[in-house]
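K.L.:
Here is how the chains run, residue by residue.
4 protein chains.
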Amino acid sequence: MVPRYARPEMTALWEPEAKYRIWFEIEAHATEKLGELGVVPKSAAKALWDWWATNPKIDVDAIDAIEAVTKHDVIAFLTWVAENVGEQARFMHQGMTSSDVLDTTLAVQLARASDLLLADLDALLAAIKRRAEEHKYTPTIGRSHGIHAEPVTFGLKLAQAYAEFDRCKTRLLAARAEIATCAISGAVGTFANIAPEVEAHVAEKLGLTIEPVSTQVIPRDRHAMYFATLAVIAGCIERVAVEVRHLQRTEVLEAEEYFSPGQKGSSAMPHKRNPILTENLTGQARMIRAYAMPALENVALWHERDISHSSVERFIGPDATVTLDFALARLTGVVDKLLIYPDRMKANMDRMGGLIHSQRVLLALTQNGVSREDAYRLVQRNAMKVWESDGRMMLLDLLKQDAEVTAALSDAELEDRFDLEYHFKHVDTIFARVFGNPR
Amino acid sequence: MVPRYARPEMTALWEPEAKYRIWFEIEAHATEKLGELGVVPKSAAKALWDWWATNPKIDVDAIDAIEAVTKHDVIAFLTWVAENVGEQARFMHQGMTSSDVLDTTLAVQLARASDLLLADLDALLAAIKRRAEEHKYTPTIGRSHGIHAEPVTFGLKLAQAYAEFDRCKTRLLAARAEIATCAISGAVGTFANIAPEVEAHVAEKLGLTIEPVSTQVIPRDRHAMYFATLAVIAGCIERVAVEVRHLQRTEVLEAEEYFSPGQKGSSAMPHKRNPILTENLTGQARMIRAYAMPALENVALWHERDISHSSVERFIGPDATVTLDFALARLTGVVDKLLIYPDRMKANMDRMGGLIHSQRVLLALTQNGVSREDAYRLVQRNAMKVWESDGRMMLLDLLKQDAEVTAALSDAELEDRFDLEYHFKHVDTIFARVFGNPR
Amino acid sequence: MVPRYARPEMTALWEPEAKYRIWFEIEAHATEKLGELGVVPKSAAKALWDWWATNPKIDVDAIDAIEAVTKHDVIAFLTWVAENVGEQARFMHQGMTSSDVLDTTLAVQLARASDLLLADLDALLAAIKRRAEEHKYTPTIGRSHGIHAEPVTFGLKLAQAYAEFDRCKTRLLAARAEIATCAISGAVGTFANIAPEVEAHVAEKLGLTIEPVSTQVIPRDRHAMYFATLAVIAGCIERVAVEVRHLQRTEVLEAEEYFSPGQKGSSAMPHKRNPILTENLTGQARMIRAYAMPALENVALWHERDISHSSVERFIGPDATVTLDFALARLTGVVDKLLIYPDRMKANMDRMGGLIHSQRVLLALTQNGVSREDAYRLVQRNAMKVWESDGRMMLLDLLKQDAEVTAALSDAELEDRFDLEYHFKHVDTIFARVFGNPR
Amino acid sequence: MVPRYARPEMTALWEPEAKYRIWFEIEAHATEKLGELGVVPKSAAKALWDWWATNPKIDVDAIDAIEAVTKHDVIAFLTWVAENVGEQARFMHQGMTSSDVLDTTLAVQLARASDLLLADLDALLAAIKRRAEEHKYTPTIGRSHGIHAEPVTFGLKLAQAYAEFDRCKTRLLAARAEIATCAISGAVGTFANIAPEVEAHVAEKLGLTIEPVSTQVIPRDRHAMYFATLAVIAGCIERVAVEVRHLQRTEVLEAEEYFSPGQKGSSAMPHKRNPILTENLTGQARMIRAYAMPALENVALWHERDISHSSVERFIGPDATVTLDFALARLTGVVDKLLIYPDRMKANMDRMGGLIHSQRVLLALTQNGVSREDAYRLVQRNAMKVWESDGRMMLLDLLKQDAEVTAALSDAELEDRFDLEYHFKHVDTIFARVFGNPR
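Taken in order, these protein sequences are the chains called A, B, C and D. Quick note: the first sequence, position 82, residue 82 per UniProt numbering, numbers continuous. Quick note: the second sequence, position 185, residue 185 per UniProt numbering, numbers continuous. Quick note: the third sequence, position 316, residue 316 per UniProt numbering, numbers continuous. Quick note: the fourth sequence, position 3, residue 3 per UniProt numbering, numbers continuous.
Watch out, some of these pointers could steer you wrong.
[Claimed, not checked] Below 25 Å or equal to it, Euclidean Cα-Cα: the simulated DSS-like pairs (lysine-lysine) are:
1) A:385 <-> C:337
2) B:337 <-> C:71
3) C:71 <-> A:346
4) A:71 <-> B:337
5) D:346 <-> B:385
6) A:136 <-> A:425
7) A:129 <-> A:337
Hints in this document: simulated from the structure, not taken from any laboratory. Given the structure is predicted, the values throughout are model-derived calculations rather than measurements.
Bound-form chain A, shown alone (with noise of 0.2 Å):
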C-alpha cells in the first residue's frame, strides 16, 4: 500500500483498530448464541456488551504488548478484553479457534471493502454515462491497430467502456458473495465442540453465509477468484488510461486530462501537458493484476490448512483493494474532466483523403455485379494512391478518374458512400443495448 494511492475510508478497514472491532463482534455474537444454548452463562454476552455500549477505546499497543509475550494474536486480544470486562469474559470464544475468529473478520473486511468498490464503480459508470451521452453522436475515427479504420462516435468509445465496468460490477457482486462467508466451526473444522447454531447465529448477526464446509479456514479458491476479480477489474481500468494516453499525445490530441492552473508538466519543458494520471493508472493496473498470482498459490494449502496464506493476504488484502478503489475514483475524475477536443478528431479524421470510406466502395462495387477480387483490386489500387500522398489526393476524386470503377457506379453512386452520417445510424441501437432504452 502507497500512501499517496490510497483514500481513508478504505484504508481504515485495514487498520488494527477496525479488525480488532470486528473481532469482538464475532465473539460476543458467538458467546450470545452459547449463552442461549446453556454451554455457558447468558450473563456472559451481556458483559460483553454492556462494555462494549461505553464505547471503549480499542487499545492496540496494549494488545500488541499481550502479543509480544504470548505470540498468538487472538490470544493476546483474548486476554485484553478479559482485563477490560473481567471475569464473564472467559466464556468467550469456548469451542471455537483462532481462525473462526481471523477467517470471518477478513470475510466482514472484504465484504466491506468489496461495497466500496461496488460504490466505486458506480460512480466511475455514472461518470462514464454522463460523457457518453454528452458525445453520442461527436465523430471520431475507429482506429484497428493504430491505423485509420472508419468513423465511430466517441459516445460509442465510452460506450464500450462502460459495457466493461458494468460486467466488471456484476463480476465484484459474484466475488463479494463468494467471500463473505462465516466460518465457526471449531478446530479442524468439525464443529465437535461448537454447534453449527452459533455459526448460524454469527453469519447472519455480520450479513454473511455459512461456509458449508470449513477445515478450520475458510477454502481459499474464494479468495483467489476475489483476487482475480479486482485483477480483471484492473485490466479495464488500464484499457482506458491507455486509450487516454493515445488520444492526448501530440500528433492526436483528441482529448487531454484535465491540467489545473498552478500544474507544470516538466521541470524542464514549460510546455508539456502529460498523462500523468492514465500513466499512473497503468501502473497501478499492473500492481493489482500482480497481487492475483500469490492468492492463487494459496489455495493449496496443506491438509485441513497451513498458514502460508497469512502473510500473503497481509499484504494483499489492504493492497489490492485500496490501489484498486484508489484507481476506480482517479479513473472517475480524469473521465469526469476529460477535456475533449471534437474539432481535433474532425481534423484528424479528414487528412487521410477519404481513405476512411474504402470499405462502401468495395461493397457497392460487389453489389452492382464486380466480383470481390476485382472489386479489391479496384479499390485498393486507388486507396494506396491516397496513401502515398499522406492525404493530400482524395479517394473520391481518383475513383472518378478509374474507368474500371466508374463501369460500375456513377459519381453520385460514388458521392453517397462518402457520407459519414451513414456509419451512426446504429449508434441508438448500440446505446439501447448499453444503457437501457433512451428515456
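Following the hints, position chains B, C and D against chain A.
P.N.:
Frame of chain A; chains B, C and D shown alone:
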C-alpha cells in the same frame, strides 16, 4: 499444449478443420440472414448450404497455400470456398470484417471447450462424492500446519474437495456465459455495413448471446475473466494433488495413487511407489495459472482494436483448455482409484498418546470453573510431556496423575473426553450442506 | 508452442529424436568411463559406440510402445537400446538414476537453445546497428508521456535498443552458464553407486560443468533464473515492438513495417497497412514473460526431489525457447526492412511551433539573471499560447514580443536557442559508448 | 510493505528523508561539476555544501506542502532547498530533468538495498555452513516424491541449500551491477543542455557506473532483471522453508523450528508446535515472486519514456527489498536455531525394513551376471512384500530366502549391501565442492 497431456476431443476443437467448419457456419448463417433482408440474393445462402450438405472435405493445405499469397487468413478461406461453391459465394462476408468471424469462432470454441470441462467437473464431482460417502465415517487425523490437530473423517476431506469443485462449476458456468457472445458488427463495430439482425441470427443459430457493444473485436475483459477462472480451477486441482502427495509420503501412507501391475517406480530403486500423477498435476496447475497472466494483459487493446491478443490466444486458447481437460480427467482417475488405508489412518492417529484430545480437556476444565489461563497451563504442561516422549506417554494417564487437574475433573470425566465419536457428531450436518440431504 | 511461431532448428532440439540422441550420448560416455574405472567391461562402451557409428535410426514409436508397458521412459529407452546392441547393453546406466539422464539432457537442450538464441541476438544487434548508423543524425522528436519533448535522432532510438539487447546477450550468457551443468550422481545424489569421475567425464564430453551438489536432480533455481532471463529479453522485444506500433500510427507515420506487394491489410478496408508483426511480437512477449512464473514455482521441490517440475518443463522448455527464437528473428526482420520516413519526422517535429525549444530559452533566461521561477513562468505563458493555437503560433515570435523576455534576451540570443543541431552535439559520444569507438 | 515483515535499516532506505538526502547529493555534486565546467558559478556548489554541512533537518512536510501546489515533486524539493540556501540555489538542476534525479536516486536506493541483502545472504550462508558441518555425517533418509529413497546426511541437505544461496549471491551481485547506473543526461537523454562530464562526476561520487544511453530515464530492462533476481532468491527461500515444514510434520519430526518458552501454538490445542515461521516465509516468497511481473511489464515504456513504471516502483521498490531482507533474516534465524533430531532420523530410516538398500542388491545381482530385467524383477518381488508388510518384514531376510537371489549372491554378499556408511563415502567430495576444501 503437450501431446501427452492432451485428450482427443478437446484437442480436435482447436484443429484447423474445426475452426474452418465454424467459419463456414458463421458465414453461411450470415449470408442467409442477408438474403432474408434483401441485401444479397437468397440463392447465395442456398448455394453455400447445398455445398455444405455434400459434407465436403476441408482442404487445410489448399487454404494455407492461398494464405501464403494473401497473407490474410479469412480472405484465403473465402477464396477457397468460392473456388468450391462458385459464383454465388461472392455474396458471402458482405459488410463483415475478419474479426466478426474470428472472434465469434473463438466464442464457439471456448463455449464448446467449457462444455467439455463442465462434463469433466461432473465426472470429478461424481468420483469425489462416491469416495466421500464410502469414507464418510473413516476416522483420520486432521492436520493444521502439518501437525496433528483433532480427528476428522476421510469423508470430510473429500466433502471439502467436493464443495470446491462444485463452486468451480458455478464459476465455469459464469465464465462460459462471459465468452459465449457473438459479434457481427463490421469494421470498428458500428453496423454501418451490416444490420444488427444478422448478428442476432448468427448468435441464435450458434447458441450465443449478442455482444452489446463490440469495436470490431469482442472485448478481452471477457476472455481475461475466462482464463482467470480456469486458473482458479487449477488451484483447486493442485490442492487435492498436494493432499494426495502428502498422504502417500512414506511416514504417513494413509492413501496411495493406484499402482498398476507392470509399473516401475524408479529405474534404480525397485521398491518405489511414487505419487507421480499428482506431482504431475501440480506442475500442470502451475501452467494453467500462468496462462491467466497474458490474458489479463490482453484487455488493454489500443483504441477499437489491436491484434496483440491474437498470438496470445493461439497459445492459451488450446493450451489452457486442453491441459485443464486432461488434468481434470487425470484427477478423476486418481480419486476414483485412490488406495485408501483406514488402518494406517488409525495407527497414525494413535501414535500421539492422546494429545489430539487436549482441547476437550481444556474446555472441561474451564466448564468446571478453572480460568482459561490456568486450564491452558495445566493441559499444556502435560501435553508437552507426551510430546517429548514421542507418543510413549499417554495424556490421559498423566492428567489422572496431575492433582490440579483431578481437583476439577474426575477420572470418569477425563475418560469421557477421549472419545473419538464425539468429533463426528456433525459429519452428517456437513454432508447435508455439501451434497444435499441424504437419500 | 504454436507451429506458426516456430522455426525448424530450434523446434528440432525438442523433438523426441534429439532427446534420445542426447540420452544415448550420456549413457555411452558414462559407460565408457565406468569401463575405464573397471566397474563394467570396456567392451560395453565399445559395443555402444560401434552401434552408434552405424548411424542407427531412432525408432521413437518402438520406444513409446515399450514405455506404454513399463510406464517409465528411461527404462523403455534402455530396453530398446539393449534390443539393438545386445548383451553388452546390460552394463549401461550402472549406478545411475533416470534423473541423471533427464536433467543432463535438459541442460544440453537448454545450452543448445541458448546458442541459437545468442546467434539470434547477434543477428538482431547487427540489424539494429546498421540502421542506427544509417540514421545516426536523422532528426526526430523525442517524446515523453507520448508528448513532444525535445529533438533526438532516430539513430539514438536504435542505439538505446542496441544497448538493451547487448545487455540481454550478457544476461543470456550468464543464464546459459547457470543451466549448463551435468549431474551424474545416482539416486539422491550421493555418488554411492557411481564415482564422481563419471560425472566429470560426461560433463567434459558434453561441454558442461559439473553440478557441485545435486540431489538426484539439478536444482531448479538454475532453471528459474534461465526462464526469468528469457522473460527480460521478451520485455526488451516488446519495447521495440511498441515503439514501431507507435511510429506507424496514422497520425505519426514516421516508420512502417515493410508491406509486401500481394499483402492485404484488411478484408474489409483495402487501404489498411497495419503493424501486425510488432503487434504479434507484443503478444508473444506476454507469453514468454508468463513462462517465468511456473519456473519460479518449480524451485521449491520437496526434499531431495519431486517431479512437479517435469510437466512444467515439458511446456516451457520448448515453448519459451521456440517462441523467443521466432520473436527475435521476426524482430530482426522488422528492424532490417523497416520503412523509415525522415521527412515525416521533420514535419511532425515542426508542427509544434517551436515548443520543443522551450527549455533552452528557460536556461538562457536563468543564465542571464532571471530567477528560475520567473523564467519558468515567462516561458510557460508563451508556450501555452502556442499549445492552444495547435501549432499555428510560433514560440519564437511570441517570445520576441514579450517585454519581460526581451529584457533578458536579445532577438539574436533567442534565435540561437532554436537551432536543431544544438541537440545532437553528443550523439557521437553516445554512439561511442554503445557501439564502441567509431571506425 | 507490511510493518511486521520489515526491518528498520532497509525500511529507512525508502523513507522520504533518505530519498531527499540522495536528491540533494545528486544536485550538489552536479552543481559542483557545472561550476568546474564554468556553466554556473563555483559559489553555487559551495553554498549548497556549506548548508549541508550544518546537517539541516529535511522538512518533509514543508516539501509536501509545496508539491501540493506545484504537483511536481522535484520542483517542490528544489524550491524548498532554495528557501533554505538562498540566491545561489537557482543554479541547481541546470540542464537537468527530474528523471536525472529520480532514476539516479532509485539506483542508489537499490544499490544500498542490495548491499543489505548481500549482508543478509552472508549471514544466512554462515548459518547454513555451521549447521552443515555440525551434521555433515548425520544419517537421514533421502526422499524422492516424498517416498524414502536412499540414505543421505543432513549435512548434504544443508550443503544443497548453501550452494543455492551461494548462487543467489552471485546473481544479486550481477543484479546490483545492472541497476547501479547514473543518468544525468537531461531531457530525452541527449546531453543537449548538460555535459556528459557532469554524469561521470556524479556517478563516481555515488559509486555508480554511467548509463551508456538513457532516454531521460534509465532503461527498465535493468530493473526487470533486478526484481526477477529477487524472485529467484525468494524461490530458494521457499525451498528451505518447505523442507523445514516437511521435516516438522508430526509423522516425520526430524527437525523443528525453535519453540520459545511462553509461546502458544494454538488457542484451542495446547499441544501444537507449528512451523509458523517457515509457513510465513512460504507466503512471503509468493509475494516477492509476484513483484517481478509488473517489473517485467515496465520495460516497454513508450518512446523515450512514459511514467507508468513509477507507480509500480513506489510499490515494489520498498515492498520487494524490505520483505526479502526480512525473509532472509528470518530464515537465518530458523536455520541457526533449528532443532535437529538425529535419533528420529535414524528411527524413520529403519522403519522401511531395509528397502532403501534395494538398489545396491540390484546392482550386485547384475554384476554377478543376472540380466538387468531379471534382477529388477527379483528385487521388486521381495521389496513389494516388505512394502506391504509396512516395514515388519526385513528385505535382507526375504532375499536370503529367495532361491533365485541366493543363486547369484551369498548371504555375506547380501549383508554387505545393507551397510549405511557405503552411501557416505563421497560426502567429503561434495562438501569440498560446495564449501571449498576442508580446513
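K.L.:
Look at each hint and say if it fits the structure.
P.N.:
Right, here's what the structure says about each hint:
| no. | hint | result |
| --- | --- | --- |
| 1 | A:385 <-> C:337 | holds, 21 Å |
| 2 | B:337 <-> C:71 | holds, 17 Å |
| 3 | C:71 <-> A:346 | violated, 68 Å |
| 4 | A:71 <-> B:337 | violated, 43 Å |
| 5 | D:346 <-> B:385 | holds, 22 Å |
| 6 | A:136 <-> A:425 | holds, 12 Å |
| 7 | A:129 <-> A:337 | holds, 13 Å |
The structure is inconsistent with the numbered hints 3, 4, although it conforms to all the rest.
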